[in-house]
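S.K.: Residues in the sequence shown are numbered consecutively from 0, following numbering that gives the first Met the number 0.
Calculated from the structure, these hints are not laboratory results. One thing to keep in mind: the hints can contain errors.
[Claimed, not checked] Distance ranges between label pairs, derived from CB positions:
#	residue 1	residue 2	range
1	ASN85	ALA212	40 to 50 Å
2	LEU18	ASP161	33 to 43 Å
3	ARG47	HIS83	23 to 33 Å
4	ASN85	GLN207	47 to 57 Å
5	VAL25	VAL219	18 to 28 Å
6	ARG47	GLU174	24 to 34 Å
Glycine included, each C-beta is placed from N, C-alpha and C at the ideal position.
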Amino acid sequence: MITVVGSINLDIVATGPSLPRPGETVTGARLARFPGGKGANQALAAKRLGAAVQMVGAVGADDMATEALRLLQEGGVDLSQVAHINGETTGAALIAVSADGENQIIVCPGANNAIRPEDTAHLPIEHLMGVLEVPVPALLAAARAATGFVSLNLAPALPVPDELLAEADLISVNETEAAVYGDRLHAHGALVAVSLGSEGAALYRNGQEIARATPPKVHVVDTVGAGDTFTAA
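Let's have the full structure, built from the sequences with the hints guiding it.
M.R.: This is the structure in structure tokens:
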């Protein structure tokens, strides 16, 4: 079973012809709400790919929680380790999407920040899939508890201790995150997968590229969640 320790959000998505520049207001064409969060996206994608998946995370005791968990529940993801925290709001992401599929995102973590090391240290984890939208101490405790494969998605690019990187068998990042972490990604022997947008992805071992995948050209509708689906695969 894959255990995902990560964020659960409600995505509020506005689409329009272009993304606003600083100080600019643009008129949108459509507003929609979807379940999201990097952790939840990866859990659902892994489940749809055929894996048994358990989600570990937290939501608020509010109406948004039901909406945020809906697809996970319908998809058959085990939600027994998702806490409902009184006094906290469910995490939310405010997403602007342009006509060419590019996006800008502001994340309000809410209950995602309430996950503690004691919530994850006791779990029987075979394969951990962790993401940085939850507190690092809880993620580190989960990585140390894992008895099998540990994959870490270092997104967003936040400060992480070397002891967390040392627990990873596979680290996944995009080009921006790879530039932030630099050689630290390769310091502990993990495989490193770097997504390259329309150029595909590359796999590294000890800083040396060992594989590259180039996708066919497609018409891009929306890039939201693309990185999470890549990580889940």
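S.K.: All hints, please: hold or fail.
M.R.: Cross-check of the supplied hints:
| no. | hint | in the structure |
| --- | --- | --- |
| 1 | ASN85 / ALA212: 40 to 50 Å | holds (45 Å) |
| 2 | LEU18 / ASP161: 33 to 43 Å | holds (36 Å) |
| 3 | ARG47 / HIS83: 23 to 33 Å | holds (25 Å) |
| 4 | ASN85 / GLN207: 47 to 57 Å | holds (50 Å) |
| 5 | VAL25 / VAL219: 18 to 28 Å | holds (19 Å) |
| 6 | ARG47 / GLU174: 24 to 34 Å | holds (26 Å) |
In summary, this structure violates none of the numbered hints.
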